[in-house]
Amino acid sequence: MFHWLEKNPFFFAVGVFLVIAFAGLVEILPNFGEASRPVVGLKPYTVLELAGKEVYKKDNCIACHSQLIRPFKSETDRYGQYSLSGEYAYDRPFLWGSKRTGPDLHRIGNYRSTDWHENHMWDPKSVIPQSIMPAYKHQFSNIADIETAYAEAVTVKELFNTPYDVDGGVALGSWEDARAAALAEAKEIAADMKNQDVKDLVANDQIPEIVALIAYMNKLK
Amino acid sequence: MNSLMIKALAFSAVLMGATIFVVKYMNVDLSDPVNLITMLGAAAIAFLTFGVAAKYINQMKTDKAEGELTDDNWDGIGEYKNELPGGWAYSFLGTIIWAMWYWTVGYPVNAYSQIGEYNKEVKAYNAQFQEMHKNADADTLQAMGESIFLVQCAPCHGETADGLSGKAQDLTARMAKDQILDVIAKGSNQLGFPMGAMPAGMASGADAEAIADYIVGGMQGQAPAAYATCAACHGADGQGMNGMSPNITKYDEKIVTQVLANGKKGMIGKMPSFNNRLTPVQEKALATYLQSL
Chain A
78 MFHWLEKNPF FFAVGVFLVI AFAGLVEILP NFGEASRPVV GLKPYTVLEL
128 AGKEVYKKDN CIACHSQLIR PFKSETDRYG QYSLSGEYAY DRPFLWGSKR
178 TGPDLHRIGN YRSTDWHENH MWDPKSVIPQ SIMPAYKHQF SNIADIETAY
228 AEAVTVKELF NTPYDVDGGV ALGSWEDARA AALAEAKEIA ADMKNQDVKD
278 LVANDQIPEI VALIAYMNKL K
Chain B
13 MNSLMIKALA FSAVLMGATI FVVKYMNVDL SDPVNLITML GAAAIAFLTF
63 GVAAKYINQM KTDKAEGELT DDNWDGIGEY KNELPGGWAY SFLGTIIWAM
113 WYWTVGYPVN AYSQIGEYNK EVKAYNAQFQ EMHKNADADT LQAMGESIFL
163 VQCAPCHGET ADGLSGKAQD LTARMAKDQI LDVIAKGSNQ LGFPMGAMPA
213 GMASGADAEA IADYIVGGMQ GQAPAAYATC AACHGADGQG MNGMSPNITK
263 YDEKIVTQVL ANGKKGMIGK MPSFNNRLTP VQEKALATYL QSL
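Each protein sequence line maps, in turn, to chains A and B. With positions in the first sequence counted from 1, the corresponding number in this note's numbering is that position plus 77. With positions in the second sequence counted from 1, the corresponding number in this note's numbering is that position plus 12.
Treat the hints with care, as some may be off.
What the hints assert, rightly or not - Only part of the chain B face toward chain A is listed, based on derived beta-carbon distances under 10 Å: (1) 127; (2) 129; (3) 131; (4) 163; (5) 164; (6) 274; (7) 277; (8) 283; (9) 289.
No lab work stands behind these hints, which were simulated from the structure alone. Where a beta carbon is used, it is the ideal one built from N, C-alpha and C, also for glycine.
All chains, please: the whole structure from these sequences, using the hints.
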């Protein structure tokens, strides 16, 4: 066996790799498996929130914002409790980001509100005079893609057993159910907003992107 | 000493001379320890490189092979019986002993955890913070309040606390007239005062207007008769009867801590609760700061 390995450098290299990697694997894998299980009380995203997450990805907020609070006092003072792996269990993909031109957003739902996001997304300088964040006025008229969000939710439910439709959890149901639920959620958010165009759209059963995005922001806690 | 050694030493001397030249004529500040250490390091490297190289070249030139051969012999090539070098053997033994210690005690007992370090750091900081600000005076609270306000509150209330033209409460004044009318009409039950809820519709029409004007005007002069309803809970002076209900004349410590603990959703918008995100000293500091506006 060893003689054979000595004559076959490729397999020898593979063997060396396995021996060296072994210690890492037994230490890292079980720990990782444990830590990445959903934290207690974690719920999957509603369809409206998923649509907001799509807006977040589409408008590339991740280029300037992270969603990962590190265990440093300076960060937990500003953003709240540090992030745990298990909190991302239903994030497919997770949006950790790697650049903070703007602040972290992992718990933005704890310290900002619907009306603030409305002002800020329309014109960041109106609330933060020195802000360099771009305005996102188009989100107030673009319609959010609820169909795709529903398809995404059904996919992760079927494929990864994401717990939709469980007791005390998030209901998904048929497309009609999901659409009605998303509209109801959107109406609640629009009621806290001031923009008349947005209110009119939602009253006509259409959901502008900004409403979905705010639903997603408010879910990040 | 042979010629090679002399050449090597001469070369090191030239390099050291160059180093000293650079230090002298490029105005390197040697009182800065980093510069000093760098210069000494450069000198040591110059000396060691040539010293060691010369020693071994010399050895190769002059050494004669001698010693006891092992019994093995491969086509005329033999091997000397050499003792293990002592330093090597002892460090090998040392690492074996260290590995046993690390396996059984070192790793299991002292394993590093980032969260552990964080917890320790926060605990130490909090203890120090509490100790330092146990009896904070008004100036300290004022400065602390201002800096917390700029980080946590200014994004909504604005850097001057003016509420950014109606986007949040203008904290340089107590509630405006339309806000008071809104509370009178709708009631309120969210701030967690001992008295509980404020019922809706305690006054209406001209009475409500008169009350609101009176409160906004700083409760000067004769109170309108209808204010008697309000006085039952808020006190004749509007100060909230020692924290039983909100002080409607100014931001005292009680209203600030209640709003921070419960958040508030009113006519203007929603303020999220700051539950557990600020310490009692910090809340007191914020109240001090708000009162100074």
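Results of checking the hints against the structure:
Nearest Cβ of chain A to the Cβ of residue 127 of chain B: about 6 Å, under the 10 Å cut. The hint holds. With 10 Å as the threshold, the beta carbon of residue 129 of chain B comes within range of chain A, its nearest partner Cβ sitting at about 8 Å, so the hint holds. At a threshold of 10 Å, the smallest CB-CB gap from residue 131 of chain B to chain A is about 8 Å, leaving the interface hint in force. Using the Cβ-Cβ criterion of 10 Å, the hint placing residue 163 of chain B at the interface with chain A is satisfied: the shortest such distance is roughly 7 Å.
Because the smallest distance between the Cβ of residue 164 of chain B and any Cβ of chain A comes to about 8 Å, under 10 Å, the interface hint for this residue holds. Because the beta carbon of residue 274 of chain B sits about 14 Å from the nearest beta carbon in chain A, more than 10 Å, this interface hint is broken. Taken as an interface hint, residue 277 of chain B checks out: its beta carbon lies about 8 Å from the nearest beta carbon of chain A, inside 10 Å. Interface restraint check: residue 283 of chain B against chain A, minimum CB-CB distance 7 Å, threshold 10 Å, status holds.
Checking residue 289 of chain B against chain A: minimum C-beta separation of about 6 Å stays under 10 Å; hint holds.
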